[in-house]
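Number of protein chains: 2
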Amino acid sequence: MSSEANQEELQNGTRSTNKQGSKKPPKEKKETVPSGKEVKKETKLGMTVKKNENFGDWYSEVVVKSGMIEYYDVSGCYILRPWSYAIWEVLKDFFDAEIKKLGIQNSYFPLFVSEQALTKEKDHIEGFAPEVAWVTKSGNTELEVPIAIRPTSETVMYPVFAKWIRGHRDLPLRLNQWCNVVRWEFKHPTPFIRSREFLWQEGHTAFATKEEADEEVKIVLELYRKIYEEYLAVPVVKGIKSEVEKFAGGLYTTTVEAFIPNTGRGIQGATSHCLGQNFSKMFEIFFEDDKGERSLVWQNSWAFTTRVIGVMVMIHGDDKGLVLPPKVATVQVVIIPVPYKNVDFNQMLDACNEVSQKLESAGLRVKQDTRDNYPPGWKYSDWELKGVPLRIEIGPKDIENKQVRMVRRDNFEKEDVPLEKVAQRAADLLDEIQANLFKKAKEVRDLCIKKVFTWEDFIEALNDKKMVLAPWCDDVEVEEDVKARTKGDTGAAKTLCMPFEQPDLPDGTVCFASGKPAKRWALWGRSY
Amino acid sequence: MSSEANQEELQNGTRSTNKQGSKKPPKEKKETVPSGKEVKKETKLGMTVKKNENFGDWYSEVVVKSGMIEYYDVSGCYILRPWSYAIWEVLKDFFDAEIKKLGIQNSYFPLFVSEQALTKEKDHIEGFAPEVAWVTKSGNTELEVPIAIRPTSETVMYPVFAKWIRGHRDLPLRLNQWCNVVRWEFKHPTPFIRSREFLWQEGHTAFATKEEADEEVKIVLELYRKIYEEYLAVPVVKGIKSEVEKFAGGLYTTTVEAFIPNTGRGIQGATSHCLGQNFSKMFEIFFEDDKGERSLVWQNSWAFTTRVIGVMVMIHGDDKGLVLPPKVATVQVVIIPVPYKNVDFNQMLDACNEVSQKLESAGLRVKQDTRDNYPPGWKYSDWELKGVPLRIEIGPKDIENKQVRMVRRDNFEKEDVPLEKVAQRAADLLDEIQANLFKKAKEVRDLCIKKVFTWEDFIEALNDKKMVLAPWCDDVEVEEDVKARTKGDTGAAKTLCMPFEQPDLPDGTVCFASGKPAKRWALWGRSY
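Read top to bottom, the protein sequences are chains E and H. The first sequence begins at 1 in UniProt numbering and counts up by one. The second sequence begins at 1 in UniProt numbering and counts up by one.
So that you can see chain E by itself, here it is in the shape it has in the complex (with noise of 0.2 Å):
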């Protein structure tokens, strides 16, 4: 509902019927707005980009005026506001509490690593080095040998593991650490999704057998599935990397994939690498089997990232701005009293707080916008900035009527509710929301998956914006290949991964780009 539309409101005691609201700010009126100055100063406060027109410009100014995020004068980091903070508090709660049943305890490894830790396994480091940051001093004393500040865990973690694991008692081994790393990143910055400092979970586990260390990548990744679709509301696909894009040192990584619409541009979601046993070789983590042998642990580490929440913005958000997923939104329903000229305010204020009352008994997280400097247009236009996913609206013909108004943040869908099913339907609606976000992104993700058998259509596809599905001969050459054929101003075509499902691969079948037998279907796309 757009604020003129609710000025009129105030002087005329209609309400607005208008769909879709408008993202214009609200012009100063002195007569209705008590603290004339403060909204000056806030007038810009809603969005004046729009996602389909400007993508960049609209993500950067969705996850700064929605409060996610505040710029910071040191380049590639961000301050992580209260807003989306807590939205990463939500996701750590659920996996915590989801790793902690599977056995898997937390710790907490240093963020500094020498550099003969670092640099002891050869894949890893050259995957890392260029991106590590260095101490060379403290106060004015030049240290005696630099200090490299964790780009992850492995180097820091595993010469311990080598003492602590003796016999097959000591295993499995099953470690977990939420912490900030830093990858002093030379590519284009973006908030979330790519920052110089980044918060995460990073476990780290060893186990006797390839089975058990299998087993683990799998359950994990279908939690990271879980974070995504069921919290996010963010259709992934569920794979395994290439050869290429696999994680530096390690055996296999498996991954969830995002997709951006907007760019045509695939995002690695989450990560879960077993390692193999070439870390364990490199650190000498040998075990005790009870037969007396002496053998190589199998290790995995996995890990997500604070990413999760850009990934969700640049998914849901509008021209409005943010969407929030229910399940992860800080506030769930934001309560709104619309008052009319000669209506007793406190009147209003009191049916707010019964309702309010009666959604928190349900356990829901809400909040009154009982601010008497802003017309209820001015707050409606915030809370949907804000992403929050329902709003009750309620005015003097409410009250008398024993209802309220509901407001959908997705589709904008009003209806009126007696008040003593407010709970309930708003319990409902957030269920309805959370399950409609998912569906929609999903519709677009699938229309945005193109199968193609020919690299034309590969190149088609990819032009358009879409993830190409193509059988493929897996060969590492091949994909450095396409690669160097796809290189231009947008970056090159990549694998994103070898998809979980598989559609039938019938005999015969040649790959896309090499014309050599084809041994699995391949996603593949530009990425970030």
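These are computed hints drawn from the structure, not numbers from a lab. It should be emphasised that the depicted structure is a prediction, and the values quoted were computed from it without experimental measurement. Note that the Cβ used here is the ideal one computed from N, Cα and C, for glycine as well. Don't take each hint at face value.
Cross-link-like lysine-lysine pairs, in silico, BS3-like; alpha carbons within 25 Å at most [said to hold, decoys possible]:
1) Lys100(H) - Lys92(E)
2) Lys402(H) - Lys358(H)
3) Lys101(H) - Lys367(E)
4) Lys92(H) - Lys327(E)
5) Lys100(E) - Lys327(H)
6) Lys101(H) - Lys327(E)
7) Lys137(E) - Lys187(H)
8) Lys122(H) - Lys137(E)
9) Lys100(H) - Lys100(E)
10) Lys101(E) - Lys367(H)
11) Lys92(H) - Lys100(E)
12) Lys246(E) - Lys341(E)
13) Lys327(E) - Lys100(H)
14) Lys163(E) - Lys65(H)
15) Lys100(E) - Lys358(H)
16) Lys120(H) - Lys101(E)
17) Lys137(E) - Lys120(H)
18) Lys137(H) - Lys120(E)
19) Lys101(H) - Lys92(E)
20) Lys100(H) - Lys358(E)
21) Lys367(E) - Lys100(H)
22) Lys187(E) - Lys137(H)
23) Lys367(H) - Lys100(E)
24) Lys137(E) - Lys137(H)
25) Lys101(E) - Lys187(H)
Partial list, computed: chain E residues near chain H (C-beta under 7 Å) [unchecked claim]:
26) Glu70
27) Val74
28) Cys77
29) Lys101
30) Gln105
31) Tyr108
32) Leu111
33) Phe128
34) Ala129
35) Trp134
36) Lys137
37) Gly139
38) Val181
39) Trp184
Starting from the structure of chain E, add chain H where the hints point.
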């Protein structure tokens, strides 16, 4: 119970009745230790240093052997293993819930801070400059300007506070973050107590009035007292820091001070600072009040760190290892089957399971130690080393008599408890242990506070490893003078705090050090 005693028990079918047990590792006896090699590797697991004989070595040994800490190859950094990290999680859960009730929100600000921001408040940077770690390169590239790692986040946060706060409606602004900070200390590093990286929460808040800021300082300090006294069972003295000892750049600092009797040193437990308007002046954090007047905000910052765990270890630990207060213990009750020859081990396991389920249903944190490669006595020592508050032993006679034996870690008292009462009795005993640990620690601490009026008595008490409560003139020069006069091998004495609870100060009382009129009682001591 010593393992020798237990070996005897295994062979003779009698239960040892010695009250103290032995710290000695078990003798290796092939016939009763199936996996002899593993035991051999771990026979040095027990404590070898006595707390009263060499406190420093005892502390290093206990934090490592209990599985709390692993040393690390970057000096001054330590690995927090699950056994200690889980204690941090308990405290975090408590404190986080409490501050959320107060309306304080979590957020995350960057690890890095620009030199410009860091050096804005002169007193502040003077206090921290020598300890600041600087990143000067990434990969092989020199950064254009060095970037500091946060030693604390005032200078990270306050530039944006100035941006976010405009009007009185933006206040109070109350944020908190859980994070790591780095202070490249050159003093002797000690796990938990003094490390170059540590974990903490830091709260940063801004108010319109000094009264609101003062009030919060007190409320938060009370939460810190609860952490120490109600969770860690460590008595603390609440008070205000002297001008010399207050937070660099702040207005005043309140503190909870603990005391380590073995070393005769006070230790700052946690601090809640009122920053006054000093930072807001430097960072230009103004707000417009409801009359349109422009004023500086009043600010607080407050923090507690992983140091709390170290203090707890120092206070309660004994010659057998850690002693964990039940409220923070990861495992509150360990159940150990005591098998006899010719007794069905599965029957024992069933009995352990049954007891375990009863305790878990009562909400207790329980672990069964059913390892078949260690004798019971070895397990007793192992869990004593790890500080588990309550041990339950279940042998064939216990099963026959429908009872279990409970053994307290704090005083080694044993009792036989009927099966139908195990849950209630265990819960009661845990409460008793929690209360008893605090009571004992407080008795010892109280004996360490010596009230004096003269310099001679002050020096005598100090050399007797006491905290000294003395009437003081509250002059900065006098504190500096006392420091200079007491500087010796064991470090100078300084004010720990001026306790909130002040004894009577009769008119005419003079300062113990200067002879000038005394203004208040101050608590002095050597300190960590």
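Here is what the structure says about each hint:
1. Lys100(H) - Lys92(E): 17 Å, holds
2. Lys402(H) - Lys358(H): Since the Cα atoms of Lys402(H) and Lys358(H) sit roughly 14 Å apart, the hinted pair holds (cutoff 25 Å).
3. Lys101(H) - Lys367(E): 15 Å, holds
4. Lys92(H) - Lys327(E): With Cα atoms ~23 Å apart, Lys92(H) and Lys327(E) stay inside 25 Å; holds.
5. Lys100(E) - Lys327(H): Holds, at about 19 Å.
6. Lys101(H) - Lys327(E): 21 Å, holds
7. Lys137(E) - Lys187(H): Holds - the C-alpha atoms of Lys187(H) and Lys137(E) are around 16 Å apart, at most 25 Å.
8. Lys122(H) - Lys137(E): At roughly 21 Å apart (the allowed maximum being 25 Å), Lys137(E) and Lys122(H) satisfy the hint.
9. Lys100(H) - Lys100(E): 24 Å, holds
10. Lys101(E) - Lys367(H): Cα-Cα ~15 Å, so holds.
11. Lys92(H) - Lys100(E): 17 Å, holds
12. Lys246(E) - Lys341(E): Judged against 25 Å, a Cα distance of about 64 Å means the pair is violated.
13. Lys327(E) - Lys100(H): At roughly 19 Å apart (the allowed maximum being 25 Å), Lys100(H) and Lys327(E) satisfy the hint.
14. Lys163(E) - Lys65(H): 13 Å, holds
15. Lys100(E) - Lys358(H): Given pair Lys100(E), Lys358(H) holds - Cα atoms ~21 Å apart, limit 25 Å.
16. Lys120(H) - Lys101(E): 47 Å, violated
17. Lys137(E) - Lys120(H): Distance ~20 Å between Lys137(E) and Lys120(H) Cα, so the pair holds.
18. Lys137(H) - Lys120(E): 20 Å, holds
19. Lys101(H) - Lys92(E): Given pair Lys101(H), Lys92(E) holds - Cα atoms ~20 Å apart, limit 25 Å.
20. Lys100(H) - Lys358(E): Satisfied, since the Cα-Cα distance of roughly 21 Å is no more than 25 Å.
21. Lys367(E) - Lys100(H): Holds, at roughly 15 Å.
22. Lys187(E) - Lys137(H): 16 Å, holds
23. Lys367(H) - Lys100(E): Holds. Lys367(H) to Lys100(E) sits at ~15 Å (cutoff 25 Å).
24. Lys137(E) - Lys137(H): 11 Å, holds
25. Lys101(E) - Lys187(H): 41 Å, violated
26. Glu70: 5 Å, holds
27. Val74: 5 Å, holds
28. Cys77: Result: holds, 4 Å to nearest chain H Cβ.
29. Lys101: This interface hint is violated because 14 Å lies over the 7 Å limit.
30. Gln105: 4 Å, holds
31. Tyr108: Result: holds, 4 Å to nearest chain H Cβ.
32. Leu111: With a minimum Cβ separation of about 5 Å from chain H (threshold 7 Å), the hint on Leu111(E) holds.
33. Phe128: Hint violated; Phe128(E) Cβ to chain H Cβ min 9 Å, cut 7 Å.
34. Ala129: 6 Å, holds
35. Trp134: 5 Å, holds
36. Lys137: Constraint on Lys137(E) satisfied, holds at 5 Å.
37. Gly139: 4 Å, holds
38. Val181: At 10 Å from the nearest chain H Cβ, Val181(E) fails the 7 Å test, so the hint is violated.
39. Trp184: Because about 3 Å separates Trp184(E) from the closest Cβ in chain H, which is inside the 7 Å limit, the hint holds.
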